Amino acid sequence: MDNHIIELKVNGEGYEVSVDSYRTLLEVLREDLGLTGSKEGCGMGACGACAVLLDNVVVLACLTLALSVEGKEITTVEGLAKGEELSPLQQSFIDHGAVQCGFCTPGMLISSTALLMKNFHPDEHQIQMALSGNLCRCTGYVKIVEAVKAASEH
Amino acid sequence: MENKTYSVIGKRKPRKDGIAKVTGDARYADDLKLPGMLFGKILRSPHPHARIVNIDASRAKRLAGVKAVITGKDTAGLPYGDVDTSRYLPPHMAGEVPDFPNVKHPLALDKVRYIGDEVAAVAATDEATALEALELIEVEYELLPHNFDPLKAMEEGAPQIHDYAEKNICSKIFWDFGEVEKGFSKADLIREDRFTTSAVTHTPLEPRGCVAVFDQTGKLTIWSSTQSPYMRRQQLSKALDMPESSVRVVTPFVGGGVGGKVCSCEPDFQAALLSRITKKPVKITYTREEEFTATCKRHPMIIDLKTGVKKDGTLTAVQCDILADGGAYVFTGPVVLYLAGAFLATAYRLPNVRYSGYRVFTNKMSSGAQRGHGAVQPRFAVESQLDMIAEELGIDPVEIRLKNALHPGDTTANRFQVKTCGLKECIELSAEHTHWKEKNESPVPNHGIGISVGAFISGMAIPPHTSSGAQVKFHEDGAVTLLTGVTEIGQGSDTILAQIVADELGVAFEDVRVVSSDTEITPVHAGSYSSRGTYWGGKAAKAAAFDAKKQLFEVAAGLLEANPADLEARDRMIFVKGSPEKAIPIRGVVLASLMEGDGNPIMGRGFYKAAADYVNFETGEGNVTGAYSFEAQVAEVEVDTETGKARLHKMTVGHDTGTAINPMSIEGQMEGSVSMGMGQALFEESIMKNGVILNTSFVDYGLHTSMDMAKVESILVETENPDDPFEPKEAGEGTQVATPSAISNAIYNAVGVRIKELPITPEKILKALEEKGK
Numbered sequence: 001m002d003n004h005i006i007e008l009k010v011n012g013e014g015y016e017v018s019v020d021s022y023r024t025l026l027e028v029l030r031e032d033l034g035l036t037g038s039k040e041g042c043g044m045g046a047c048g049a050c051a052v053l054l055d056n057v058v059v060l061a062c063l064t065l066a067l068s069v070e071g072k073e074i075t076t077v078e079g080l081a082k083g084e085e086l087s088p089l090q091q092s093f094i095d096h097g098a099v100q101c102g103f104c105t106p107g108m109l110i111s112s113t114a115l116l117m118k119n120f121h122p123d124e125h126q127i128q129m130a131l132s133g134n135l136c137r138c139t140g141y142v143k144i145v146e147a148v149k150a151a152s153e154h
Numbered sequence: 001m002e003n004k005t006y007s008v009i010g011k012r013k014p015r016k017d018g019i020a021k022v023t024g025d026a027r028y029a030d031d032l033k034l035p036g037m038l039f040g041k042i043l044r045s046p047h048p049h050a051r052i053v054n055i056d057a058s059r060a061k062r063l064a065g066v067k068a069v070i071t072g073k074d075t076a077g078l079p080y081g082d083v084d085t086s087r088y089l090p091p092h093m094a095g096e097v098p099d100f101p102n103v104k105h106p107l108a109l110d111k112v113r114y115i116g117d118e119v120a121a122v123a124a125t126d127e128a129t130a131l132e133a134l135e136l137i138e139v140e141y142e143l144l145p146h147n148f149d150p151l152k153a154m155e156e157g158a159p160q161i162h163d164y165a166e167k168n169i170c171s172k173i174f175w176d177f178g179e180v181e182k183g184f185s186k187a188d189l190i191r192e193d194r195f196t197t198s199a200v201t202h203t204p205l206e207p208r209g210c211v212a213v214f215d216q217t218g219k220l221t222i223w224s225s226t227q228s229p230y231m232r233r234q235q236l237s238k239a240l241d242m243p244e245s246s247v248r249v250v251t252p253f254v255g256g257g258v259g260g261k262v263c264s265c266e267p268d269f270q271a272a273l274l275s276r277i278t279k280k281p282v283k284i285t286y287t288r289e290e291e292f293t294a295t296c297k298r299h300p301m302i303i304d305l306k307t308g309v310k311k312d313g314t315l316t317a318v319q320c321d322i323l324a325d326g327g328a329y330v331f332t333g334p335v336v337l338y339l340a341g342a343f344l345a346t347a348y349r350l351p352n353v354r355y356s357g358y359r360v361f362t363n364k365m366s367s368g369a370q371r372g373h374g375a376v377q378p379r380f381a382v383e384s385q386l387d388m389i390a391e392e393l394g395i396d397p398v399e400i401r402l403k404n405a406l407h408p409g410d411t412t413a414n415r416f417q418v419k420t421c422g423l424k425e426c427i428e429l430s431a432e433h434t435h436w437k438e439k440n441e442s443p444v445p446n447h448g449i450g451i452s453v454g455a456f457i458s459g460m461a462i463p464p465h466t467s468s469g470a471q472v473k474f475h476e477d478g479a480v481t482l483l484t485g486v487t488e489i490g491q492g493s494d495t496i497l498a499q500i501v502a503d504e505l506g507v508a509f510e511d512v513r514v515v516s517s518d519t520e521i522t523p524v525h526a527g528s529y530s531s532r533g534t535y536w537g538g539k540a541a542k543a544a545a546f547d548a549k550k551q552l553f554e555v556a557a558g559l560l561e562a563n564p565a566d567l568e569a570r571d572r573m574i575f576v577k578g579s580p581e582k583a584i585p586i587r588g589v590v591l592a593s594l595m596e597g598d599g600n601p602i603m604g605r606g607f608y609k610a611a612a613d614y615v616n617f618e619t620g621e622g623n624v625t626g627a628y629s630f631e632a633q634v635a636e637v638e639v640d641t642e643t644g645k646a647r648l649h650k651m652t653v654g655h656d657t658g659t660a661i662n663p664m665s666i667e668g669q670m671e672g673s674v675s676m677g678m679g680q681a682l683f684e685e686s687i688m689k690n691g692v693i694l695n696t697s698f699v700d701y702g703l704h705t706s707m708d709m710a711k712v713e714s715i716l717v718e719t720e721n722p723d724d725p726f727e728p729k730e731a732g733e734g735t736q737v738a739t740p741s742a743i744s745n746a747i748y749n750a751v752g753v754r755i756k757e758l759p760i761t762p763e764k765i766l767k768a769l770e771e772k773g774k
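If you read the sequences in order, they're chains A and B. FYI, the numbering for the first sequence is 1 to 154, going by the working numbering. FYI, the numbering for the second sequence is 1 to 774, going by the working numbering.
Bear in mind the hints are in silico, worked out from the structure with no lab data behind them. One should not assume that every hint holds.
Said to hold, decoys possible - Below, a list of computed lysine to aspartate or glutamate pairs in the EDC-like style, where the Cα atoms sit at most 20 Å apart: (1) K11(B) / D95(A); (2) K149(A) / E713(B); (3) K33(B) / E31(A); (4) K650(B) / D123(A); (5) K311(B) / D410(B); (6) K424(B) / D396(B); (7) K33(B) / E27(A); (8) K439(B) / E399(B); (9) K650(B) / E124(A); (10) K33(B) / E78(A); (11) K711(B) / D123(A).
Source: prediction; values computed, not measured.
Okay, chain A solo, but in the shape it has when bound:
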């Protein structure tokens, strides 16, 4: 089996992990690093629950091979808060009722974090576009879009 020792940088911390070449970033995050915040909703890149930031760009961890991200800055939902201080987006999701079952929430937060990095004041349509790769069954997206809008005005 094609096994490699690589160094991953996740949420500012370095991890040395031994990975088989076929393993996805999502598997390594969840199983090897214990970072279970990123979720597997479909395993085929359709739901966005596994979204993480790779050098501040959204990627789907279930479609990304762990070997391919060595040396890059990976940010997961666990890395969004500074210590106990939630990011404005995280706080806004709570304040606006944008969280229900919570399974899509990590991916939604990652996608909206990426949006607000490049577009400080997105309009509603731009927010909907940015979240269109993240599925949610509970909320109908209404309060999620509101929460992102409110955070951008923060």
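Start from chain A and add chain B according to the hints.
Leaving out everything else, chain B in the frame of chain A:
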């Protein structure tokens, strides 16, 4: 809308689990890991109907890393069911509730009944090995004739799917209320139409999953993504032939359910069996494909509806014949058939109602419970047809609904006692907020507006669970823990129950923590289905908090030299009414109780027993819930006549919530209901060909994204019950009941085509436009 008599109830409080969920700290079943844990996989039938002749698992068992391979022979051979009523009645009540045969086994014993039926299960040290082992299991099948068509299920010579079920009838109902023929004879107009609905898949974002572990004493603990731990415990105890007290079902965070995680199509059974054999923890998580192919669907129905009406729009009689495609197993079938009939007329004053319902077995994945259980399908028919009638009579759709709407104090034909009813307000407000009149007077081409109404229950009284318990205990620092059986699946039950407890005890919302859904610890509760969490669980929590408060007051009365009856609790203090200077912190009272006197810990207990009749499947009569919710919604759509695509721009929903505990949470439920209802109206259908479900991914299934979602305006109508001021009605299901029909009516209003088959896809609209143009 905030209620002034409450301090925490009625406030837009943030979720109790908000921080856990935005930081990734919330752990769902698949996030759990135990030492030595094995991974389970299920081998499923490739045939729609076949007898199992032989299973050879020897090669699979020899594969390195495989710890167990089990088949039906390794089970207790005992079936379990979702509507297993009689087994849980006390002996002296035997026979009071009908029995439904249990037919589901964790693994097929002798034959398979749909493509996806469970045949064998494997536990291995890793997932890849488990999958590889599945390939090595050799199953010899003898193929049997199959049937996918519910219309043919009852025909002579149709393949018999279950030996006990004559003509493949799972359950049937025939009710005749009032004088139906007389009602039709008085009608000036009678319409007869056929409507059909599709197989909708629940698609909670979290696939079903569990971790099961047996300890050395033979006790099973299972962390399951179920909506109903107590029901699951009963099913597991039955399937594994164990006492209920030896099974502990705990829910970790649950990633949505929308009805599907009530049904017994979860991997809990196989994981538990594998754990019992291997003596190791076993995890099984469904793939998304399994979610689409091997979990229950909303019942597709064929609905023949005949309605009589007078010239002025007064309804005189309804006759409805429903054929529900049940698929291979029972699941919640009898209940859905009951609800479809019961909600046929609930919303309107209609004394003459005749209903016949059949649920038949076919060789497909089973149908089961889904948000708006049984009410969505007939409501689509009733509300679509009512608009057709209104048009023929030249009456405004809003007016015809107001004319027939139920009033507070009404009793329906099937003996539902409607104590409070805000339906009229819901209709009027949703019409007013959308400028119904103006929009109808000056229509815009290809834009349409449509209204629909609905009603729902706040928890149905059906054995085995007809009551709900709660406990409230005080900590030394004055904080409180509520123990409740209500399962938090994302709907926000922990939060609203904490609000109710905080309000009753006069402590802060932040002081209350909630432990929910652990059969070893939390009091019995049916689970999060039939919309009972807020009403049943809320009343139980309030009663438990009241009991704890009573204990506090007894201790405080001694300290304050006052009568307990003269005390009140607020702002974390206990006051003597009318003497604000005479007060003591609650924390001080708790400590006094522990440290002085008899050392009594302050622990309250409370319960709610459904003030309702048990469901009577045979007669259909009886008041099955304590409170009915009502809703009206107005859809505004635009139809692209080139592509046939209908787009919902806005939905305005008026919902009778009774006592609204948390408006933000209720809005979230209404928005989610509109979203799911819109999916069912326009996009969603599990498409099957030759017994194979073809669209088994989110993309192929068409779960809509934020780009497709409509604006939602939520109007909360807080009805008040003078006999019961605390009446928090359901808010999680009822809204969806009316969504597909509101959208359908708006599409007709926009382009003049009436689609009677859900979902209303672009193909159907284009075809109808083409025929209309001929």
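For the pair supplied as a hint, K33(B) and E31(A), confirm whether the alpha-carbon distance does not exceed 20 Å. 9 Å, holds
Are K149(A) and E713(B) close enough, with their CA atoms no more than 20 Å apart? Given that 20 Å is the threshold and the Cα spacing comes to 17 Å, the pair holds.
Below or equal to 20 Å on CA atoms is what counts here, so check K311(B) against D410(B). 23 Å, violated
For the pair supplied as a hint, K33(B) and E27(A), confirm whether the alpha-carbon distance does not exceed 20 Å. 13 Å, holds
K650(B) paired with E124(A) [C-alpha distance capped at 20 Å]: Distance of about 15 Å is within 20 Å: holds.
Does D95(A) lie within 20 Å of K11(B) when you go C-alpha to C-alpha? 12 Å, holds
Agreement of K711(B) and D123(A) with the hint, judged by alpha carbon distance not exceeding 20 Å: 15 Å, holds
Sort out whether E399(B) lies within 20 Å of K439(B), counting only the CA atoms. Status holds; Cα separation ~15 Å.
Take the C-alpha atoms of K424(B) and D396(B), compute the straight-line distance between them, and say whether it is at most 20 Å. Cα-Cα ~15 Å, so holds.
Does E78(A) sit within 20 Å of K33(B), going by the straight-line distance between their CA atoms? 18 Å, holds
Assess, step by step, whether the Cα of K650(B) is no farther than 20 Å from the Cα of D123(A), and give holds or violated. Roughly 18 Å separates the two Cα atoms, so the pair holds.
Hint violations for this structure: number 5 only, all remaining hints satisfied.
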